Amino acid sequence: MNTEILGIILMFTLTVLLAIPLGRYIAKVYSGESTFLDPIFNPLEKHFFRISGINIRQEMTWKQHLIALLTINFLWFFWAMFILMNQGWLPWNPDKNPSMSADLAFNTAISFVANTNLQHYSGETGMSYLGQIVCLTFFQFISAGAGMAICVVVFNAMKERTSEKLGNFYNYFLKSCTRILLPLSLIVATIIVFNGTPMNIEGKASFISMQAGDTVQLSRGPAAAMVAIKQLGTNGGGFFGVNSAHPLENPNYLTNIVENVSIILIPIAMVFALGFYLKRKRLSLMIFGVMTLGFLLFLLPSVYLEMKGNTAISSMGISQQLGSMEGKEVRFGSAASAYWGITTTVTSNGSVNAMHDSFTPLTGMFALLGMMVNAFYGGVGVGFLNFYIFIIIAVFISGLMVGRTPEFMGKKIEAREMKIATIIALLHPLLILAGTALSSYVFVVHPNIGWLNNPSFHGFSEMLYEYTSSAANNGSGFEGLGDNTLWWNITCGIIMILSRFLPIIGPVAIAGILANKKYIPESAGTLKTDTSTFGLMVFAVIMILAALSFFPALTLGPISEFFTIQ
Amino acid sequence: MKSQILPAIKLTFLSLVLLAIVYPLIILGIAQFAPNSGKVQFIERNNKIIGAENVGQKFDQDRYFYSRPSVVNYNAASSGGSNKGPSNPDYLATVQARIDTFLVHNPTVAKADIPSELVTASGSGLDPHISPKGALVQVDRIAKKRNISNEKLINLIKINTEKPFLGLFGTEKINVLKLNLALDNLK
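Taken in order, these protein sequences are the chains called X and C.
All residue numbers for the first sequence refer to our numbering, where the first residue is 391 and numbers rise by one.
All residue numbers for the second sequence refer to our numbering, where the first residue is 393 and numbers rise by one.
Since the hints were made in silico from the structure, they are not lab data.
Here the structure is a predicted model, which means the values were calculated and not measured.
Each residue gets a CB set at the ideal place from its N, CA and C atoms; glycine is no exception.
Some hints here could point you the wrong way.
As the list claims (entries may be wrong) - Heads up, incomplete: computed chain X residues facing chain C, CB under 8 Å, no partners named: (1) 393; (2) 396; (3) 441; (4) 595; (5) 631; (6) 643; (7) 711; (8) 745.
With the hints as extra help, turn the sequences into a complete structure.
In structure tokens:
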């Protein structure tokens with residue numbers, strides 16, 4: 391069989407095989423059972439909590455959780471702003487890179503606080519080493535940890551009981567960082583550093599090029615530490631400008647496997663963790679099944695199309711034996727690039743190993759769809775929250791269809807929960823489409839504004855992609871877009887912050903309200919939610935919502951482009 | 393909210409120490425055992441550093457195997473791809489021009505044999521590799537230019553071909569810098 395196809399089969403198999411034991415481990419961490427890392431982290435965490443004055447036995451209600459989350463994120467934003475706007479004169483800046491302008495710092499700070507990692511700067515020229523480590527790498531841990539912590543709150547709310555006590559936010563947050571993200575990052579960073587990803591503190595190196603004999607400057611730095619966590623925490627913000635397409639950030643096929651597995655490992659493991667944590671394995675299998683179905687639906691045509699190549703280039707009469715190679719690297723090939731492209735967009739990762747702007751039209755569309763749905767695996771923690779919203783809607787609709795009271799996990803779903811769920815489900819298309827519409831308007835009024843790197847339908851796709859990526863907290867881009875301008879920095883910043891926190895507040899509120907309701911034990915009249923029938927129902931809800939919201943915009947962008955080069 | 397601020401500040405500070413100071417230092421420590429202590433592996437010739445093993449550089453003269461087109465001109469301090477969409481007419485004209493130029497320099501090659509990676513820009517602008525086929529189509533030109541037999545060059549390509557990972561996964565490829573070094577050493 392084709393070795394490129396084998397490569398992606400290996401990656402997916404490996405991910406699922408690792409995600410099952412990891413899910414079991416994550417469930418143990420959150421339920422406070424003993425694990426093999428206790429001797430190191432028990433004393434460490436105890437000291438952290440003692441010094442911070444936090445009593446982890448003090449359980450919080452859903453509102454207290456949200457207050458804790460928003461407060462700490464608010465503080466983080468100022469730390470990020472301070473570092474980004476002052477890195478130019480702060481120490482450890484060997485390449486003498488400048489401080490960021492206020493609007494760029496605003497965008498970048500929100501981007502990293504919100505686990506998005508949209509980058510309107512380029513790593514080599516826009517960040518000091520200090521900024522890369524104490525700001526960006528740091529945020530890649532804590533924003534992921536915060537997302538996972540809030541996911542556990544929803545897990546707690548799904549327990550078969552009536553209670554408003556949903557655990558302690560700080561406890562879940564710190565344990566996510568220390569016991570899950572940190573150990574995995576150490577493993578991944580070690581593997582990639584031995585395969586050629588730099589981890590050094592000196593500035594640029596230089597060499598004399600072989601053919602021309604001129605001096606070439608070579609950027610390097612403490613990359614390995616950052617690359618590991620950017621992959622594992624569904625962050626995606628690369629050390630170098632072109633992210634994991636860079637030959638130092640992702641030097642060979644092995645590092646590509648490790649980095650790509652890292653993208654979806656924790657999102658999948660969180661789904662299994664739900665099953666272990668609540669002892670509802672069938673439910674987590676149903677969720678995993680629906681997510682995988684959606685993922686494969688986007689993946690398979692993308693791999694096929696990238697391997698087939700660009701039809702416009704085929705008609706020039708050359709050989710596309712490696713597929714569509716514009717924006718791709720030979721060491722990965724087009725199959726592994728398409729696989730990365732879809733895994734990074736269905737999760738909210740957003741790192742890239744090929745330029746998405748140069749994908750063939752429909753692959754670009756599937757990448758967009760991955761972010762528009764944003765719940766096929768999804769970001770660490772928050773991916774499940776998005777899925778939870780779809781479950782609530784599906785429970786309600788199917789309850790109406792078969793004439794039963796809509797119940798989920800023994801709790802009745804009523805008007806208030808449905809209102810919240812609907813608002814959250816519609817917020818995502820609203821932000822994306824309103825942003826794109828506004829920008830399109832500005833572009834039409836000022837055609838010389840110079841944003842777009844491509845004309846016609848593809849230019850529209852560039853704008854659509856930027857807002858979709860912001861709203862999905864993804865961070866990848868059709869990077870041809872000239873996005874480091876006041877307009878894009880501010881609008882994307884606002885969209886990122888709204889679409890990070892509202893889709894957290896909504897599901898947590900629903901879960902909190904449900905947790906407080908009377909528990910109704912399962913009976914013959916209960917709609918079963920852990921069956922494949924219900925799974926298909928959720929899948930239908932997701933696809934119908936996505937199609938109704940986004941089909942017109944996709945028609946104007948990638949679908950029209952597809953037909954122009956046939 | 394007020395009662396949360398102080399714990400949040402303290403916990404953030406402690407996490408900063410652990411995740412942004414201790415963790416990078418551990419990796420930095422581990423890196424000391426990695427190839428060239430994690431400072432990028434370089435290649436030397438006559439005691440001069442002529443490149444980094446993993447980072448592509450520009451080869452566009454006829455006496456060397458060409459590397460891939462790069463929109464950043466192989467500037468290793470500022471990576472980047474073209475970000476051109478597949479239907480962009482300017483972009484397609486660029487590719488057509490690259491094909492025409494290639495055919496002028498390689499008159500023995502049929503158009504249908506030109507592999508696309510030789511006329512499309514890589515994602516990073518620093519792609520160090522081409523495919524074995526991408527090297528083979530250049531053999532006639534280099535053989536003529538350097539007065540070496542085709543067999544010798546084909547053999548050189550064979551030696552420098554890197555198999556897929558574990559022989560099973562991913563693409564076959566050739567590091568252009570290493571290939572050209574070996575080419576210079578042929579004489």
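Consistency of the hints with the structure:
1. 393: holds, 4 Å
2. 396: holds, 5 Å
3. 441: holds, 6 Å
4. 595: For residue 595 of chain X, the interface hint holds, since the closest Cβ of chain C sits about 6 Å away, which is under 8 Å.
5. 631: holds, 5 Å
6. 643: Since the shortest Cβ distance to chain C is 4 Å, the answer is holds.
7. 711: holds, 6 Å
8. 745: holds, 4 Å
The structure shown violates none of the earlier numbered hints.
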